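Colleague: Protein sequence lines, in the order shown, are assigned to chains D and C. FYI, the working numbering numbers position 110 of the first sequence as 110, with every residue one higher than the one before it. FYI, the working numbering numbers position 208 of the second sequence as 208, with every residue one higher than the one before it.
One should not assume that every hint holds.
Stretch by stretch, here's where chain C covers chain D in the computed footprint (C-beta under 8 Å, at least three residues) [stated by the list, open to error]:
id : stretch
1  : 141 to 147
2  : 229 to 236
3  : 279 to 292
4  : 298 to 312
Keeping only pairs whose Cα atoms sit at most 27 Å apart, straight-line, the calculated BS3-like set for lysine-lysine is [to be verified]:
id : chain 1 : residue 1 : chain 2 : residue 2
5  : D       : Lys218    : C       : Lys392
6  : D       : Lys351    : C       : Lys111
7  : C       : Lys448    : D       : Lys63
8  : C       : Lys422    : D       : Lys398
9  : C       : Lys111    : D       : Lys371
10 : D       : Lys134    : D       : Lys259
11 : D       : Lys218    : C       : Lys448
12 : D       : Lys218    : D       : Lys134
13 : C       : Lys341    : C       : Lys392
14 : D       : Lys351    : D       : Lys363
15 : D       : Lys259    : D       : Lys352
16 : D       : Lys171    : D       : Lys191
17 : D       : Lys171    : D       : Lys278
18 : C       : Lys341    : C       : Lys422
19 : D       : Lys438    : D       : Lys384
20 : D       : Lys384    : C       : Lys393
21 : D       : Lys191    : D       : Lys438
22 : D       : Lys63     : C       : Lys392
23 : C       : Lys422    : D       : Lys63
24 : C       : Lys393    : C       : Lys341
25 : D       : Lys398    : D       : Lys317
26 : C       : Lys393    : C       : Lys319
27 : D       : Lys384    : D       : Lys398
28 : D       : Lys171    : D       : Lys123
29 : D       : Lys398    : D       : Lys438
30 : D       : Lys371    : D       : Lys438
31 : D       : Lys191    : D       : Lys259
32 : D       : Lys351    : D       : Lys371
33 : D       : Lys352    : D       : Lys371
34 : C       : Lys393    : D       : Lys63
35 : D       : Lys218    : C       : Lys393
36 : C       : Lys392    : C       : Lys319
37 : D       : Lys384    : D       : Lys371
Residues from chain D shown here face chain C by an in silico Cβ test under 8 Å; the list is partial [unchecked claim]:
id : residue
38 : Arg14
39 : Glu88
40 : Pro131
FYI, nobody ran anything at the bench for these hints, they're computed from the structure. Here the structure is a predicted model, which is why all the values come from computation and not from measurement. Idealized CB from N, CA, C, for every residue including glycine.
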Amino acid sequence: MLLRHTPAAPAVDREALTINPAKTCQPIGAMYAALGVHNCMPHSHGSQGCCSYHRSMLTRHYKEPVMAATSCFTEGASVFGGQANLLEALGNIFTIYAPDVVAVHTTCLSETIGDDLKQMTAKAIESGKVPPGKTVLLANTPSYVGSHVTGFSTMVKGMVDGLAASAAPHKLDVINIIPGYVEPSDMEEIKRLASALGVRTIVFPDTSGVLNGPMTGKFRMYPAGGVTVEQLRAAGDSRATLALGPMASSAAAKALDIKCHVPCEILELPIGLSATDKFIDALRRVAGVSVPESINRERGQLLDVMTDMHQYTAGRKVALAGDPDHLVALVDFLVSMDMQPIHIVSGTPGKKTLERMRPSLDKLGRPVNVKIPGDLYQLHQWIKQEAVDLIIGGTHCKYFARDEDTPLLRFGFPILDRVGHQYFPSVGYKGGLRLLEKILDLLMDRQDRDAPEEKFELVM
Amino acid sequence: MQEGAINDLLEDRRGQVLETSADAAPEAMRCGTRSAAGSVSQRACVFCGSRVVLYPIADALHLVHGPAGCAAYTWDIRGALSSGPALHRHSFTTDLRETDVIYGGAAKLEKALRELIAAHGPKAAFVYSTCIVGLIGDDVDAVCRRVEADCGIPVIPVDSEGFKGTKKDGYKAACAAIARIIGTTPEAPRSVAGINILGEFNLAGEAWMIREAYARMGVPVVATLTGDARVDTIRRAHTARFNVVQCSGSMLGLASLLEAKYGQPYRRVSYFGLEDMAQALYDVADLFAGEDPDMPARAAALVAGEMARVLPLLAPFRKDLEGARAAIYVGGAFKAHSLIKALRHLGMRTVVVGSQTGSPEDYERLQQLCDPGTIILDDSNPVELSRFVLEKKADLLIGGVKERPIAYKLGLAFCDHNHERKIPLAGFEGMVNFAREVHGSVTSPVWKWSARRRA
Chain D
1 MLLRHTPAAP AVDREALTIN PAKTCQPIGA MYAALGVHNC MPHSHGSQGC CSYHRSMLTR
61 HYKEPVMAAT SCFTEGASVF GGQANLLEAL GNIFTIYAPD VVAVHTTCLS ETIGDDLKQM
121 TAKAIESGKV PPGKTVLLAN TPSYVGSHVT GFSTMVKGMV DGLAASAAPH KLDVINIIPG
181 YVEPSDMEEI KRLASALGVR TIVFPDTSGV LNGPMTGKFR MYPAGGVTVE QLRAAGDSRA
241 TLALGPMASS AAAKALDIKC HVPCEILELP IGLSATDKFI DALRRVAGVS VPESINRERG
301 QLLDVMTDMH QYTAGRKVAL AGDPDHLVAL VDFLVSMDMQ PIHIVSGTPG KKTLERMRPS
361 LDKLGRPVNV KIPGDLYQLH QWIKQEAVDL IIGGTHCKYF ARDEDTPLLR FGFPILDRVG
421 HQYFPSVGYK GGLRLLEKIL DLLMDRQDRD APEEKFELVM
Chain C
1 MQEGAINDLL EDRRGQVLET SADAAPEAMR CGTRSAAGSV SQRACVFCGS RVVLYPIADA
61 LHLVHGPAGC AAYTWDIRGA LSSGPALHRH SFTTDLRETD VIYGGAAKLE KALRELIAAH
121 GPKAAFVYST CIVGLIGDDV DAVCRRVEAD CGIPVIPVDS EGFKGTKKDG YKAACAAIAR
181 IIGTTPEAPR SVAGINILGE FNLAGEAWMI REAYARMGVP VVATLTGDAR VDTIRRAHTA
241 RFNVVQCSGS MLGLASLLEA KYGQPYRRVS YFGLEDMAQA LYDVADLFAG EDPDMPARAA
301 ALVAGEMARV LPLLAPFRKD LEGARAAIYV GGAFKAHSLI KALRHLGMRT VVVGSQTGSP
361 EDYERLQQLC DPGTIILDDS NPVELSRFVL EKKADLLIGG VKERPIAYKL GLAFCDHNHE
421 RKIPLAGFEG MVNFAREVHG SVTSPVWKWS ARRRA
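Work out the full structure, taking the sequences as your base and the hints as a guide.
Modeller: Below, the structure is given as structure tokens:
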């Protein structure tokens, strides 16, 4: 399909142009983060289209209703500033939709005309548009900076800036966990693991119960899940913060350290055996607890399958597209199973991403193609130059997975054509086991499909 | 406005919600207004309107000049099929960064255009302006003129800055872009005894079915705008004798422009539902009756044959669906008219109907079409929609991507009649598909487990 429009070579460096982006823009990440706050209405301060696109994209990814309001910019607002729109919007939202929190993020439009969110919100409070006891969170997320990941990070930091406070005389026996840009199922799994260790936590944001809710026969503007305003306030009294995924979570963790003196530890996302070990170990250490047998057992099961099946993963070449935090953890996991991630792109700019992958990639002892920021067109060209056994990335990879007849493991954002990511985690030992099962299914189904009659095996 | 169901609406929303009654004359709907700031509207922007209209042109380059998001969100989401090239399914963007916003993005745009045209040899290029381009003041027109002069293909700026109006303004900008291509061959206007189909986007291959029906009547289709379109056929669109216009919102403007410029008369048609499909064939036959007196008879024979084939296929679906209630929330109101009639064929009554961008005439016609007690909505939101479908005890919601999960959460059957439909719903065969899809969802056993249904 795209094959005939994608030449194998030469893969020239394009400077002015992105073809088939491996990212999207900041505001949608901010909207996703805001959905992880209980009774919160995300608000897009920009044109109506932005909000509509983000809601549609998140709806396609989660197959859940996604609520968000918009400032409905017109030509007038783009000339005279969006203050009137934001004031009217806040008034309307609190009156009609009655949230506890409105989480406002900007767009390229409102940023470029120089709208000052802080000043406007102060004005809104002054003029009575924000009822007493209600909160407005803020995030500056121009679309021409970073990507959906940095937008997420900025809104999570906005939660700290807007709400966290140190009220208690001493730090409490609670650990904050900032789970990173992961699925609701992952946030749920992180809470389960912490609770298995007997650690009291505040997890923010927390989209579990919001974007993977049950079918109840009712439409709820604000589903049951999400971190509450009280929890976000109390985060300033916690003993420590674990930030998972440096790009998505460290800004908020550091802000909380500065604002409320909650020390933080920044870890890679707990995807795969060794990254989960580090997470569990950090949790054990900061909370002063011991790891229960049930968790050791989960770890042993993941390791069991890794060893049982290692001849099927050995030497398999993989192409990856995704977000920096995801890629770093996935690459480490793949290399730990003797797999070879040889083509890697992320649309999200950032010099540190490659450095973070370097220790894993160096173990391969062969050259690896990495482009950050890069796009899916580039990835496709590399695959044409050196074929792979597996592609890992979002749904948009399906075009060239089909063209190159290569199995695709859907991972990251967006996934527009499958379900499961909302409900089954990729983090933790259980999540690692699920990922490994999927990888093995794809590789072994392919082996079965392609094996000549005389080599077709019953037992594998 | 009647008291009762709708009297506790938000003040701002009064006038955009009506309930039909048996004895009253149609009321005027307040519509075409901008959404209130702070609303959870289902509407989109100018860019979205332009993008959906032009995107099916498969051998053109579609370059989104702006940050990557605008390109990412509109990347091949519409399912407009192509029988040949698939360049339109790539996502090209200048991916503007902060430095471009400060120093301007025109140079980057020009470089990108030249690279892409050299690499892919498209037959034309469309350059979509996004919000940010309108603010930083890139001279997109000048860039396009330069590249066009050097590369020898039409390079057309589309004025689609998101904030400059509604989705409808995006349709207008797209039509203006198409109009620049039409008539760029030496052939004389109206020299071909055929038609153009405007506002048909070949979702799930619908344009192919419609073209086949016209072919059986003996009417060639010169250009379909823009389903499975090629730049060269669009160039020749002025040679068609007549235009037929579906999806009035998007292309009525282009039809009047072509009438004024080339003397091509047009008819509004709809291809959804049996009556409207039949009427769309009869109308075209009438247009040609002067030069081909047998054509109306051929059209009638075609319709009779199709009706005889299709009606028995619908009967078993109707048996199960008789008395079920439907709610409709779509982009343009014209489509809702056809849906109401199509649902009647299945024994279903429409109890709620709304659109994002209907006109006063559309809403007046809706009121005439609907039974008393039907709720009619303009620019609605999820809270309102979910409330009215429950109050009116709808069994089915017909809508688009953002409405689907709301329906499912409520335990309602759903039919996608928007960009994401996967099977053709147009024409006679489409009516059978529509009936099968509605029937499949309404009668699915999954709903009986829902709390609402069991209560």
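Colleague: Hint by hint, note whether the structure agrees.
Modeller: We went through each hint and held it up to the structure:
1. Judged by the Cβ-Cβ criterion of 8 Å, the stretch 141 to 147 of chain D is covered by chain C as claimed, because 5 of its residues qualify and three suffice.
2. Taking a C-beta to C-beta cut-off of 8 Å, the stretch 229 to 236 of chain D contributes 0 residues in contact with chain C, too few for the three needed, and the coverage statement is violated.
3. Restraint check on the stretch 279 to 292 of chain D versus chain C: 0 residues with Cβ-Cβ distances below 8 Å, three needed, restraint violated.
4. Only residues whose C-beta sits within less than 8 Å of a C-beta in chain C count toward coverage, and the stretch 298 to 312 of chain D has 0 of them, not enough to reach three; the restraint is violated.
5. Between the alpha carbons of lysine 218(D) and lysine 392(C) the distance comes to roughly 15 Å, so the proposed pair stays at or under 27 Å and holds.
6. Distance hint between lysine 351(D) and lysine 111(C) is fulfilled; the C-alpha atoms sit about 25 Å from each other, no more than 27 Å.
7. Of the pairs offered as hints, the one joining lysine 448(C) and lysine 63(D) holds, with about 20 Å between alpha carbons and a cut-off of 27 Å not exceeded.
8. Between lysine 422(C) and lysine 398(D) the CA atoms are separated by roughly 17 Å; this keeps the pair inside 27 Å, and the hint holds.
9. For a cut-off of 27 Å, the pair hint linking lysine 111(C) to lysine 371(D) stands: about 21 Å separates their Cα positions.
10. Annotation: proposed proximity of lysine 134(D) to lysine 259(D) holds, straight-line Cα distance about 21 Å (limit 27 Å).
11. Restraint check for lysine 218(D) and lysine 448(C): satisfied, since their Cα atoms lie roughly 14 Å apart, inside the 27 Å limit.
12. With a C-alpha separation of about 25 Å, the suggested pairing of lysine 218(D) with lysine 134(D) holds against the 27 Å cut-off.
13. Of the pairs offered as hints, the one joining lysine 341(C) and lysine 392(C) holds, with about 19 Å between alpha carbons and a cut-off of 27 Å not exceeded.
14. As the CA atoms of lysine 351(D) and lysine 363(D) are separated by approximately 20 Å, the hinted pair is consistent with the 27 Å bound.
15. For the given pair, lysine 259(D) sits about 26 Å from lysine 352(D) by alpha-carbon distance, which is consistent with the 27 Å threshold.
16. Proposed proximity of lysine 171(D) and lysine 191(D) is supported: the alpha carbons are some 21 Å apart, at most 27 Å.
17. Taking the CA atoms of lysine 171(D) and lysine 278(D), the gap is about 24 Å. The hint holds against a cut of 27 Å.
18. Distance hint between lysine 341(C) and lysine 422(C) is fulfilled; the C-alpha atoms sit about 22 Å from each other, no more than 27 Å.
19. The suggested pairing of lysine 438(D) with lysine 384(D) holds, with an alpha-carbon distance near 24 Å, which does not exceed 27 Å.
20. With a CA separation close to 55 Å, the supplied pair lysine 384(D) and lysine 393(C) exceeds the 27 Å bound.
21. With a C-alpha separation of about 23 Å, the suggested pairing of lysine 191(D) with lysine 438(D) holds against the 27 Å cut-off.
22. The hinted pair formed by lysine 63(D) and lysine 392(C) meets the criterion: a straight-line CA distance of about 25 Å does not exceed 27 Å.
23. The straight-line distance between the Cα atoms of lysine 422(C) and lysine 63(D) is roughly 17 Å, inside the 27 Å bound, and the hint therefore holds.
24. Distance check on the hinted pair: lysine 393(C) and lysine 341(C) sit about 19 Å apart at the alpha-carbon level, within 27 Å; holds.
25. As the CA atoms of lysine 398(D) and lysine 317(D) are separated by approximately 17 Å, the hinted pair is consistent with the 27 Å bound.
26. Proposed proximity of lysine 393(C) and lysine 319(C) is supported: the alpha carbons are some 20 Å apart, at most 27 Å.
27. Taken as a hint, the lysine 384(D) and lysine 398(D) pair is honoured in the structure, with Cα atoms around 15 Å apart against an allowance of 27 Å.
28. Restraint check: the Cα-Cα separation between lysine 171(D) and lysine 123(D) comes to about 34 Å, which exceeds 27 Å; the hinted pair is violated.
29. Under the criterion of a C-alpha separation no larger than 27 Å, the hint pairing lysine 398(D) with lysine 438(D) is consistent with the structure, at around 16 Å.
30. This hinted pair checks out: lysine 371(D) and lysine 438(D) have alpha carbons roughly 26 Å apart, not beyond 27 Å.
31. Using a Cα cut-off of 27 Å, the hinted pair lysine 191(D) and lysine 259(D) holds, with the two alpha carbons roughly 25 Å apart.
32. Only pairs whose Cα atoms come within 27 Å are accepted, and lysine 351(D) paired with lysine 371(D) is accepted, the gap being roughly 10 Å.
33. At most 27 Å may separate the alpha-carbon atoms for a hinted pair to count; lysine 352(D) and lysine 371(D) meet this at roughly 12 Å.
34. At roughly 23 Å between alpha-carbon atoms, lysine 393(C) and lysine 63(D) fall within 27 Å of each other, so this suggested pair holds.
35. Our distance criterion of 27 Å between C-alpha atoms is met by lysine 218(D) and lysine 393(C), whose separation comes to about 13 Å.
36. Of the pairs offered as hints, the one joining lysine 392(C) and lysine 319(C) holds, with about 22 Å between alpha carbons and a cut-off of 27 Å not exceeded.
37. Taking the CA atoms of lysine 384(D) and lysine 371(D), the gap is about 16 Å. The hint holds against a cut of 27 Å.
38. A hinted interface residue such as arginine 14(D) counts as satisfied when its beta carbon comes closer than 8 Å to some beta carbon of chain C; here the least separation is about 6 Å, so the hint holds.
39. A distance limit of 8 Å between C-beta atoms decides the matter here; for glutamate 88(D) the minimum to chain C is near 4 Å, and the interface restraint holds.
40. Interface hint at proline 131(D): violated, since its Cβ lies 14 Å from the closest Cβ of chain C, which is beyond the 8 Å cut-off.
Violation of the numbered hints given earlier is confined to hints 2, 3, 4, 20, 28, 40; the remaining hints are satisfied by the structure.
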